[in-house]
Amino acid sequence: MYAWIFRTLPGPLWLRIIFSVILVLAAVAMLMLYVFPWVSQFNPLTDSTIGSPDS
Amino acid sequence: MSRSTLDAAPSRQVTGTGRKRRRRTPFQVVAQVLGELLITAGVVLLLFVGWELWWTNIESNVKQEQALGEFFSDAPPVLASPAPAEVPASPGSDGAAPAAEDFGEPAVLAQGDLAGTFGVVYIPRFGENYSRPVTSGVGSDVLDNLGLGHYPDTGAPGQVGNFALAGHRQTHGQVLDQIHTLVPGDRIYVQTREGYYTYVFRNTEIVLPDRGDVIAPVPTQPSAEPVDRILTLTSCNPRFGAQERIIAYSVLESWRPADAGPPAEIADRVARAAGQG
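Chains as they are written, first to last, in this note's numbering: chain B, -11 to 43; chain L, 8 to 284.
Extracted from the complex, chain B is given alone in its bound form (with noise of 0.2 Å):
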């Protein structure tokens, strides 16, 4: 899969190397600014109010 994408990629090497890093970050960026901040609030495991008031 991604040795496929990787040749999918245009250009010459050096340059598919770039778009594979920025591919990569853009990646990374997307799980950090949205996808985890959602997923955490599902983990229990920072709960730290007591009783029932946490909305």
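Hints were generated in silico from the structure; no laboratory data involved. Any given hint might turn out to be false.
[Unchecked claim] Distance windows between CB atoms, simulated: (1) L:Gln73 - B:Ile10: 23 to 33 Å; (2) B:Ala(-9) - L:Asp148: 40 to 50 Å; (3) B:Arg(-5) - L:Asp81: 54 to 64 Å.
[What the hints assert, rightly or not] If you want the ones that stay clear, here's a sample from chain L, every Cβ over 12 Å from chain B, calculated: (4) Gln73; (5) Glu77; (6) Arg209; (7) Ala267.
Positions of the beta carbon are idealized from the N, C-alpha and C atoms, including for glycine.
Given the structure of chain B, go ahead and fit chain L onto it with the hints provided.
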């Protein structure tokens, strides 16, 4: 299944992307894609752990600094406390020694003023620079971003009853990570725009998460009439877990109005915190 032997074909006409490859069976293709997806899932999970345990702290600390800045821009300017001639320079001595000046009944913020970031907590036991904003509410919007949250409908700082705060033990600034290191007699200072409230740590207890009565005006006795001025901190227990809650109780020792300046023990911390804003 080494590819290098296949690629080592003597035909030099293969160039760039058009490298000759052996045809793979559908099973091999599916197995490879599945394997790459599983590896990706593992990497993403590790990333999540790193994000939760490390990055959320960085983000939260930045937001807390901003909240402190806003608090100090609204609060009356921090006055240098008048040189306390009678206070010996030994913060380690026991509480009886430096009899604090008596400013009478503490002035207390009205319930309506307990909104937004309304205070700062200083806990010398937690480190030289420990100054954390106190914000109204204990939803994840507050605790995940701004550190300490004030349970709605519990008392104000200095009030007879229970001033109850929640904070993360890990992640999102981990403002109460060190809660288990408090020693009876440790001071916990709370600053609002009314003044400075000095609490003395009394004890911790570890309870199950459903024990909402620990933030009652008289902790664990919801029907009792409050007499003491209590500060209650709640956080998760054990560290990196949430099966239980750790509760730290403190009792008000003294207070100083804002125009009397901060207590001598935290004067430099207050100045530092105010300078950040």
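Hints versus structure:
no.: 1; hint: L:Gln73 - B:Ile10: 23 to 33 Å; verdict: holds (31 Å)
no.: 2; hint: B:Ala(-9) - L:Asp148: 40 to 50 Å; verdict: holds (43 Å)
no.: 3; hint: B:Arg(-5) - L:Asp81: 54 to 64 Å; verdict: holds (59 Å)
no.: 4; hint: Gln73; verdict: holds (18 Å)
no.: 5; hint: Glu77; verdict: holds (23 Å)
no.: 6; hint: Arg209; verdict: holds (18 Å)
no.: 7; hint: Ala267; verdict: holds (34 Å)
Hint violations for this structure: none, all hints satisfied.
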